[in-house]
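Student: So you can see what is in the structure, the chains are spelled out below.
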Amino acid sequence: MSSTKSASIAKPAPLTFQELLFRLQGFWAARGCVLQQPYDVEVGAGTMAPETFLRVLGPKPYRVGYAQPSRRPADGRYGENPNRLFKHTQFQLILKPPPVNVQELYLQSLEAMGIDLAQHDLKFEEDNWEWPAGGAWGVGWQVMLDGLEITQFTYFQQCGGLDLDPICAELTYGLERIAAFLQDVDSIYDIVWARDPDTGAVVTYGDVRLAEELQFSVYNFEAADVDKLWQHFNLYEAEGQALLAQAGTLLADENAAATEKKRFPLLAAYELALKCSHLFNILDARGAISVTERVGIIGRIRALAVGVAKSYAVQQAVS
Amino acid sequence: MPDFLVEIGLEEVPARMIAAAEAELGRRVQDLLARERLLAPAATVTTYSTPRRLAVLAEGVLASQADTEEQLTGPSWKVAFKDGAPTPAAQAFARKAGVAVEALEKVTNAKGEYVGATVKRQGRAAAELLAAELPKEVLALYWAKNMYWRAGKPERFVRPVRWVVALLDAAIVPLEIAGIAAGNTSRGHRILHGDSAVVIDQPRNYSKTLRGAAVVVDVAERRHIIRKALDAATRTVPGARWREDEPLVVTVVHLTEWPSVILGNFDSEYLALPEEVLVTVMRDHQKYFAVEDANGKLAPHFLAVLNTQADEAGAAIIRHGNARVLTARFKDARFFWDFDQKTPLADRVESLKHVTFQKELGSYHWKTEENLRVVRSLAATVKAAGVSLDTTALDKATELAKTDLTAELVKEFTELQGVIGGLYARAQGLGERVAVAIYDQYTPASMEDPIPVSIEGQLLGLADRIQTIVAMFGIGSAPTGSKDPFALRRAANAIVKILAESGLPLTLADVVAASGVKAENREQVAAFLRERLHFYLKDVRNFAYDVVNAVLAADANDVRDCIARAEALTVARESADFAAISASFKRIKNILRQAEEKGFALQPAFGTTLAPEAQLLAAAAAVLAPEVAHLRQQRAYSEALVRIATLRPVVDAFFDKVMVLDPDEKIRGAHLALIDEVLRGFSGIADFSEIVTA
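Keeping their order, the protein sequence lines are chains A and B. All residue numbers for the first sequence refer to the numbering used here, where the first residue is 2 and numbers rise by one. All residue numbers for the second sequence refer to the numbering used here, where the first residue is 1117 and numbers rise by one.
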């Protein structure tokens, strides 16, 4: 068994972290996807960005991909654990409606990343997904490559508490995992992020992100001011609820002009919901949320997110 | 006779659902063919499945239904024809039968002359019938979780249907399932075969053709391949054996189309982690088989079942990749283990206040205090019966039993709660008795599991479960029908099993009493436990249902005593004398019920001379009753039942010669009193009237 290491090292230099992303983006752009930039409000997963959460609602076809930094404060490990991050990168892809050959396209995207499928073991294993606070769920798989979960593949069935029609396929690639796997490094921080093509000098994932992991772990676990976090939460929630109340009245008003309805800032209301979700996650990491409170607070976030989704669907239907 | 094949091509179906769906589809196809008279007598139906397909092959179906001829009888000839001309009645009948009026015939039967019609129906072609009926059968398959995929949501299924093959010999059956028209092209293994079409020329070549496309469609064959491959891969390590794990074999069978096995290694430094953690990571998280050395100790290897056939270079890559993932997980586990040791279990009791047991009831801290109260009461009962146990260790174990819920390792491996607490208790030097009791607190999790090994573990397990049951019943959360969200039935099953298989001197009533159940719930909880005892005797111990009913009707409190009586009764009932006695007891019960309905009194026979047969029965019963009571007390049940069976001649003679419900009120009363005494005197071991006799 001593040959295992050399066998994988003998392959041509694996792609850098950023090259992986380029390849994925290039692959899906060539298949008609809009390439979006990451959403600029903190989210826990690519699903929560409005490019997914709101675009999957309603009948309009859409194809979009984006690399979404996803923050999970409780998963921070001060940069000490080689496999866990406070903030990881999801390449998020939405195909609405899903093409009949969506699985085959997905496999081709793996090959585009330099994975020779003939040299690997690939399985689609049942894994259903849900985000209760977003009233969203779907069925699908975790895609396992040589025992490693590299992608969450989900057929969305509901979002924002609304049945979807058409449904969509959501592919979420865990970029750090895939990169560590392909580069065969034992620590995420050793992933080669970029390589200077002239000198061959490399910049690692640790060079780029280690300080951020450390400092945000300190903030999320130790420094964040719990009282102020609660104040922020309440303020964002209040503003979000106020907007939703106005939206409800306006969208139900048969005499209101379509232009008035269309310009109503539901997208801003959704950002307020995202803010609340992120604050909840910090409070949770901080140990400030008891089990009994937990359900109630998730319910408050859900009220915002689902409220926006419902109004958004109505607003989209305004002609 | 043609063969029929249907294959439903799917995106990967969840492994846990495939076997049932394959069987159901086979049944549905067979039933459909039988219902439509398309199944030849010698026809065979074979089913196949892989993660990406369900298929049924029916060999020897009929190309079309046989033609049928039916004789219909209509109105009387006189009504139908007046002067040889058809009346409206004849015309209506002809229309209904679908024949011309001229084709009506005269039928003569016992009642007279009637109008008859011979209706010929031409059998429909199999292809036509299957095209119409099969799609409904396929879409009616049961799935634990369904999805929509097409716009407009016309159907739900487990995963999208991507292709359909439907053939009657070489001919395509023109059916459509979920918008997919059937053809004769299947698909092969995703990677090993690729995208090129796999043409099935004949149904009976299905399995062979797909093998050529790197798909083994036969489940039993894949299972065989996997077991052989596990053996072969393990043989590369001298003396090693793979750890048998049938559920895992079943899972990987349904995750593969072309299975192979690799043996990989991990650094032996991880063997310092508890075996339970290592096996959980390998089996539950990674679906790997564990490998043990010649002494049964875990060896630093794992077996991964692949859904591919890689060449040597590929196998090396795959082996390395899997080992990498496994090592990362082991590293995590070790990190959590070390981290958890910084806070000993004893320091975690307070933090249980923040872990909810149940919203309306309280935290695990509350639960722990309740468990302590119950376990102390149980311990007192056990000690009073002269059994020695370590109450200090029992208290400590109960106090710390739930503290591992706050450990990082349990958050990572929730299925190991209890086990991890036990391992931590041992590592933290809390003593073997404490550690073992904590470790075993959730066993038996199923009826196949053993019970806790130590007396302290058994008592903790009983206390924890009865406390949960009583608390849940107290807030109106008893299981109803198929709904048992808190798995209270499983908890009660475990209580029965612990009482049955331990030496604890405890009855169900003792356990209920120790729980401190509120008076208003007491009977409900007791009945719930009795129902579980019934289940245990019948479905776990496999006693006949009438034996179980007979035994429990006599007493349903002492679990081990119930088992002993059921065993004795199971043997005794085989004798002819005993069967006759059972029949007589049933008769006695019926007579007594009739008497009660009619308001007949039971009066002992003072000053009344009864028939000799009645006197003989009274005398025999009077001698035998104390003897049987004595044997019952000594739990010599077989002996007691043999003795009871000796009553047969006198009982038979009594019922032969004596009219029990004698018109004379005094005699009748005396008879009734006599049989009532016989019934009560000999029903202490079992209510024999429950025994079903041939």
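Among the clues, some could well be false.
Claimed, not checked - Taking lysine to any residue pairs in the SDA-like style, the calculated list, with each CA pair at most 25 Å apart, reads: (1) B:Lys1527 <-> A:Arg264; (2) B:Lys1236 <-> B:Ala1256; (3) B:Lys1403 <-> A:Ile298.
Said to hold, decoys possible - Across the chosen pairs, the derived CB separations fall in these ranges: (4) A:Val204 <-> B:Glu1360: 46 to 54 Å; (5) B:Arg1240 <-> A:Trp138: 57 to 65 Å; (6) A:Val296 <-> B:Pro1290: 48 to 56 Å; (7) A:Lys61 <-> B:Asp1427: 57 to 65 Å.
Hints listed in this document are in silico derivations from the structure and should not be mistaken for laboratory results. Keep in mind that this is a model prediction, so the values were computed, not measured. Beta carbons are placed, not taken as given, at the ideal position from N, Cα and C, and that holds for glycine.
Student: Hints first: check each against the structure and report whether it holds.
Tutor: Hints versus structure:
Annotation: proposed proximity of Lys1527 (chain B) to Arg264 (chain A) is violated, straight-line Cα distance about 46 Å (limit 25 Å). Between the alpha carbons of Lys1236 (chain B) and Ala1256 (chain B) the distance comes to roughly 33 Å, so the proposed pair goes past 25 Å and is violated. Distance check on the hinted pair: Lys1403 (chain B) and Ile298 (chain A) sit about 36 Å apart at the alpha-carbon level, beyond 25 Å; violated. Between Val204 (chain A) and Glu1360 (chain B) the beta carbons are some 49 Å apart, a value that agrees with the proposed interval 46 to 54 Å.
The beta-carbon spacing between Arg1240 (chain B) and Trp138 (chain A), approximately 44 Å, falls outside the hinted interval of 57 to 65 Å. Distance hint check: the CB atoms of Val296 (chain A) and Pro1290 (chain B) are about 54 Å apart, consistent with the given range 48 to 56 Å. Separation of Lys61 (chain A) from Asp1427 (chain B) is about 47 Å and departs from the stated range, judged on CB atoms against 57 to 65 Å.
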